[in-house]
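Trainee: Residue-level listing of the chains:
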Amino acid sequence: MTGALVHLRGPRATGMLLTAPAAMLLLVLFFYPLATLFLTTLHPDNIENYARVVSSGTYMQVYLNTLRLAVIVTVIDLVIAYPLAFYMCRLTGGSRMVAFFLLLIPLWTSQLVRTYAWMVLLGRNGPINSALMALGLTDTPLRLSNSEFAVVIGMVHILLPYMVLPIYSSASKIDRSLLEASRGLGAGAFSTLTRVLIPLTIHGVLAGVSLVLVLSLGVFIMPALLGGGRVPVIPLLIEQQAGSFLNWAMAGTFCVILLAMVLVIFWLIKLSTRLLVRGRVHA
Amino acid sequence: MLERRSRTRFLRRIGNVAHHIFSWVTFLFLLTPLLIVIPISFSGGSYLSFPPESYSTRWYETYFAQDSWIDATILSLQVGVVATVISVAVGFLFALGITRGLRKWGPALEKVALAPMIVPSIVYSVSMYSLFSRLGLVGNWFGIALAHAILCLPFVVIVLTASLREYDIDQETAAMGLGASRLTAIRRITIPQIRPSLLSAAFLAFITSFDELVVAMFLSGTFGTLPKKMFDNIRLQIDPTIAAVSVMEILMVILVMAVLMRLNRANVGRLS
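Protein sequences appear in the order of chains A and B.
Residues in the first sequence are numbered from 54 upward in steps of one, following this note's numbering.
Residues in the second sequence are numbered from 131 upward in steps of one, following this note's numbering.
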């Protein structure tokens, strides 16, 4: 025993010992339950659930709708976050501090609080409708809440910081003299953007895109509260199967397919990052 | 030629102004929902209207007077603190391990620890429910804390590995060269210097647990954490009690953030 311990001395053994508690915790409380969930769905009693999901037009529609929503939210967040991240790089001292504060406070505030606030803002008698009616743009209040529009706004709001932060971190590393060089060599704003800025920030962009895509595929609170039952997404379906119908086997099958979707998307973005970065080195 | 140059300069200035406006409008978009709950929380009417017709503090009184709100808050605090302690303790050791001994395997192991971030929480909840129902842990607050610790771990690991990678390890080696054990060196030299990161990690972990709805919904059984109570309330009836709770939560976040920023700045000042 003592011999084995002496044998285990050294930085690698220390490293292994230090990582052991986290590794054990992850193994027992994360990988094991997920593996069990997967194996349960493969059980002969449950395996036909896969066929049921794939052959059902309704269920496949919900998967597609979940993906479509995630893509819409990701694109909007990217379009907003890209210029915002560059703006934050331009700021210095106190105003940069304020900008970070404004970005991080919403990020760290409860999602339920923010979703509730959007329910109020978009409500029938909410401030947005009041303002529109006061301006004479509409006579009757618009139905902004309980719609896909509301869900998209809520998701864009909640996931925006996850897009800004990675883009900011790659944009802040850009040497400003490169931009001046590009300008000095006669490049216009557009070609500076496409040939200098985007290639230099592609890492941050893809990191943000994969984070927002993956998170928005699993979003539950916004569709549940802002969708008003009109926005079918997989997390709601899973909650319904498990919570209302107590059909845990079916819920498990939905979970496995959703997780597979998330992992494939994650992997695809990783692959394209590698390809794009390598392509740039060769060019 | 001169005319063209002044035109591009003009266009650039326009672009500049547009960039300013766009960015601050976006910040306003981020902030508006948080500001809007403040007047609502002080509304005097019993239903939701904006702007409120009269003002009062009755919704704050409702919150403090109802045992169900207070119990849910205490439960969430309890779960949050335990999840934070577990995830920071385990995550700190993990970050030390992958930045010290396991340099080669570090990045791969770090990715494994980040995995809980990409698994949708509903998927994790369903899998944990079946594990906990076999163990009889559904409805046990400690079970929720354990599951939350897993969800907090990625944030802790990201913050602490980043800070330990930046930290100059020679200081630790020097302390050991002067006769300190590795443990003493870490305790006396390393930990004091990465304290701001430890606090940030703890804050992120606590917030993650304190806000978490889905796992708590599946694992809590009959009683509920604060997010579950809020979710049920929002679903059933929107009365401004939620707004009062929201304002208190936002204040808590701002307070802790201000303290953290101050500490971080003090730390930067000391190092430079």
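Fair warning: there could be bad hints in the mix.
Straight-line C-alpha distance at most 20 angstroms; calculated EDC-like pairs for lysine to aspartate or glutamate [stated by the list, open to error]:
(1) B/241 / B/300
(2) B/234 / B/133
(3) A/226 / B/296
(4) A/323 / B/296
Far from chain A, some chain B residues (derived; all Cβ distances over 12 angstroms) [claimed, not checked]:
(5) 153
(6) 185
(7) 242
Hints listed in this document are in silico derivations from the structure and should not be mistaken for laboratory results.
Predicted, not measured: the structure shown is a model, and the values here were computed from it.
Backbone N, C-alpha and C fix where the C-beta goes; we use that ideal spot for every residue, glycine too.
Trainee: Mind listing which of the numbered hints don't hold for this structure, in increasing order?
Mentor: Violated hints: 1, 2, 4, 5, 7; rest satisfied.
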